[in-house]
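Please construct the entire structure, taking both the sequences and the accompanying hints into account.
Residues in the sequence shown are numbered from 24 upward in steps of one, following our numbering.
Simulated from the structure, these hints should not be mistaken for laboratory data.
One should not assume that every hint holds.
As the list claims (entries may be wrong) - Below, computed lysine-lysine pairings styled on BS3-like, alpha-carbon distance capped at 30 Å: (1) 78 x 91; (2) 74 x 91; (3) 91 x 79.
Said to hold, decoys possible - If you anchor each label on the Cβ, the simulated ranges turn out as follows: (4) 99 x 54: 30 to 38 Å; (5) 81 x 52: 50 to 58 Å; (6) 102 x 48: 31 to 39 Å; (7) 75 x 27: 24 to 32 Å; (8) 106 x 31: 52 to 60 Å; (9) 98 x 72: 21 to 29 Å; (10) 26 x 106: 17 to 25 Å.
By construction, the Cβ of each residue, glycine as well, lies at the ideal position given by its N, Cα and C atoms.
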Amino acid sequence: FDGQLSVEILDVPTLYALEVRVMPDEAHPRHGRRFVSEAAEGRGGRTVYSKITTKKWPCLESLVQLVKDFCRVPVRMTLLREE
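Next up, the structure:
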């Protein structure tokens, strides 16, 4: 993502858990607190992938595509012209 999204890896108490979550900047761990699971969702985090839910390990390409899809910004353009 060319440095546009910072990535933080957090240890969690659940064995074999893997969640990919997009968090607002104010909930980033560099601010002193690490939010996981329901606490992260309560802080505005959006779960993009959960191994616990899908019951399988993801491949890297599918994770990248999920994050791209989540971060997509819809744009509508209208062209106006004068005659």
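Hints, verified against the model:
no., hint, verdict
1, 78 x 91, "holds (22 Å)"
2, 74 x 91, "holds (18 Å)"
3, 91 x 79, "holds (20 Å)"
4, 99 x 54: 30 to 38 Å, "holds (35 Å)"
5, 81 x 52: 50 to 58 Å, "violated (22 Å)"
6, 102 x 48: 31 to 39 Å, "holds (35 Å)"
7, 75 x 27: 24 to 32 Å, "holds (28 Å)"
8, 106 x 31: 52 to 60 Å, "holds (54 Å)"
9, 98 x 72: 21 to 29 Å, "holds (25 Å)"
10, 26 x 106: 17 to 25 Å, "violated (45 Å)"
Hint violations for this structure: numbers 5 and 10, all remaining hints satisfied.
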